[in-house]
Amino acid sequence: MVIFASEAERKGILDYFSNRFGIPEEAFAGFRFLMGEKKIWVVREHRDLEGILNQLKVESAGIPLLRTKTSMWKPTTAGLHFFGLFATRNLIDLEGNALHAFLEGQSLEGPFPLEPGFVIVRWKGKVLACAVYGRGKLRSQIPEPRGRGLRGKIGSEDS
Amino acid sequence: MRLNDQMLQAFDRYREIIPEYERFLSGLENPLPVSIRANTLKVGAASFLDFMLQRGYDLEPVRGVEEAFLLGGVESPGATLEYFLGYYQIQGLTSMLPPKILAPLPGEVILDLCAAPGGKTTHLAQLMGDPGLIVANDFRGERINVLRSHIDRLGIASVLVCGYHGTAFPLRRKFDRVLLDPPCSGEGTYRVGYPPPSRDNPKVARHLVRIQKGLLQQALAVLRPGGTLVYSTCTYAPEENEAVLNEPVKSGQAEILPLSIPLPHARGLTSWQGESYHPDLVNAVRIYPHQVNSWGFFIGHLRKRG
Numbered sequence: 001m002v003i004f005a006s007e008a009e010r011k012g013i014l015d016y017f018s019n020r021f022g023i024p025e026e027a028f029a030g031f032r033f034l035m036g037e038k039k040i041w042v043v044r045e046h047r048d049l050e051g052i053l054n055q056l057k058v059e060s061a062g063i064p065l066l067r068t069k070t071s072m073w074k075p076t077t078a079g080l081h082f083f084g085l086f087a088t089r090n091l092i093d094l095e096g097n098a099l100h101a102f103l104e105g106q107s108l109e110g111p112f113p114l115e116p117g118f119v120i121v122r123w124k125g126k127v128l129a130c131a132v133y134g135r136g137k138l139r140s141q142i143p144e145p146r147g148r149g150l151r152g153k154i155g156s157e158d159s
Numbered sequence: 001m002r003l004n005d006q007m008l009q010a011f012d013r014y015r016e017i018i019p020e021y022e023r024f025l026s027g028l029e030n031p032l033p034v035s036i037r038a039n040t041l042k043v044g045a046a047s048f049l050d051f052m053l054q055r056g057y058d059l060e061p062v063r064g065v066e067e068a069f070l071l072g073g074v075e076s077p078g079a080t081l082e083y084f085l086g087y088y089q090i091q092g093l094t095s096m097l098p099p100k101i102l103a104p105l106p107g108e109v110i111l112d113l114c115a116a117p118g119g120k121t122t123h124l125a126q127l128m129g130d131p132g133l134i135v136a137n138d139f140r141g142e143r144i145n146v147l148r149s150h151i152d153r154l155g156i157a158s159v160l161v162c163g164y165h166g167t168a169f170p171l172r173r174k175f176d177r178v179l180l181d182p183p184c185s186g187e188g189t190y191r192v193g194y195p196p197p198s199r200d201n202p203k204v205a206r207h208l209v210r211i212q213k214g215l216l217q218q219a220l221a222v223l224r225p226g227g228t229l230v231y232s233t234c235t236y237a238p239e240e241n242e243a244v245l246n247e248p249v250k251s252g253q254a255e256i257l258p259l260s261i262p263l264p265h266a267r268g269l270t271s272w273q274g275e276s277y278h279p280d281l282v283n284a285v286r287i288y289p290h291q292v293n294s295w296g297f298f299i300g301h302l303r304k305r306g
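Line by line, the protein sequences are chains A and B. Residues 1 to 159 in our numbering are what the first sequence lists, from first letter to last. Residues 1 to 306 in our numbering are what the second sequence lists, from first letter to last.
If you're looking for bench data, these hints aren't it; they were derived computationally from the structure.
Derived, one-sided and incomplete: chain A residues facing chain B with beta-carbon distance under 8 Å:
1. His46
2. Val58
3. Ser60
4. Ala61
5. Gly62
6. Ala78
7. Phe82
Footprint (simulated), chain A over chain B, 3 or more residues, beta carbon under 8 Å:
8. 143-156
9. 168-174
As the structure is a computational prediction, the values presented were derived from the model and not from experiment. Cβ atoms here follow ideal geometry from the backbone N, Cα and C, with glycine treated the same way.
With the rest of the complex left out, here is chain A (with noise of 0.2 Å):
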């Protein structure tokens, strides 16, 4: 079940993204969020939703845009490739071998322009996914299973 989220909340998850990725507020402009038991959703605002929402047992709504079961908020792949395209902060682009190395699920050694914590990684200038920076190391986030599937799919012409 999902609950629209409270003012205190929205300003709570908009302030994340400003501070976190430098995500302007007015990206949310026109979605409204939602409270999940372990995320929280982001989805168009439409004239029906609070109704439906009323009226039906809705189990997810929208697409999931943060992780919360643990006190650390995590940014959702889906999320980031929403809403990255705004951000101005806590980036990374990556080409050629590191990117495969990424791609490999292995460790990147640093250091990075970046603060610790979630970071946004491109690939000329898509947002790909997320990735973890912590002492000096960036770690990919991205679901094993979707992961490996990744291995070896960017062409030479990337390297």
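Chain B: place on chain A using the hints.
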């Protein structure tokens, strides 16, 4: 490989209704091409084609279905970078037609009553341009997870997922349009070398028809008066197609609308094995694999009377 005796016997009941029956049988021996749908919420169809060709893919547009392409030479089309980025969905070409026929408009509220695994749901969102609302319902848990994974990957923020049994979907909410692609015997997905369809078992076949009729009644009940519904199956059996639509059309609950599709097809049947259907059932379409090298499909477009 050739069709075996079991399948020849199973399809023989359709000899009189499938045009060019011998061609139909030989069509079942052709391998099924990989068809994909460009996710136009992320990338326009023309840009998608350019991008994929630049990346070295063998991609061929499908005439008449702008977002559809045939993808050649890729062993695992679900394991490419472009798939991960949500640029395309792997989807049978004929299964792209029901959402296009339903033709959702921006801002509308749509129900996909048997939504998993989500190819049609996500296509509906794309056709609507995302700013409407789609309720995607399915009670099969594992399939709902697949549906959700497609929603996430394709980046669709306008879908609400529910897990009701379709025949028990709450009546308190009315929808502008409903897509009903119920469980069916799946004969249309059969190709030589694949397991036989479930219609072979008469008990299963009767059970499916009961479910389909129940789902159609529920779908009509949650449709607003004047709203439209697309009913589709991937089976040839008239019992699961025209006979299911016949009841609400005959009773005057709904009318069946003429429809045109950009691919070769046959018309709906008005009789089968001594049973007559409403003459307007001719407005439905049947698509066979020797006409379009994809899954066999049946599609009917209904409007609920006010």
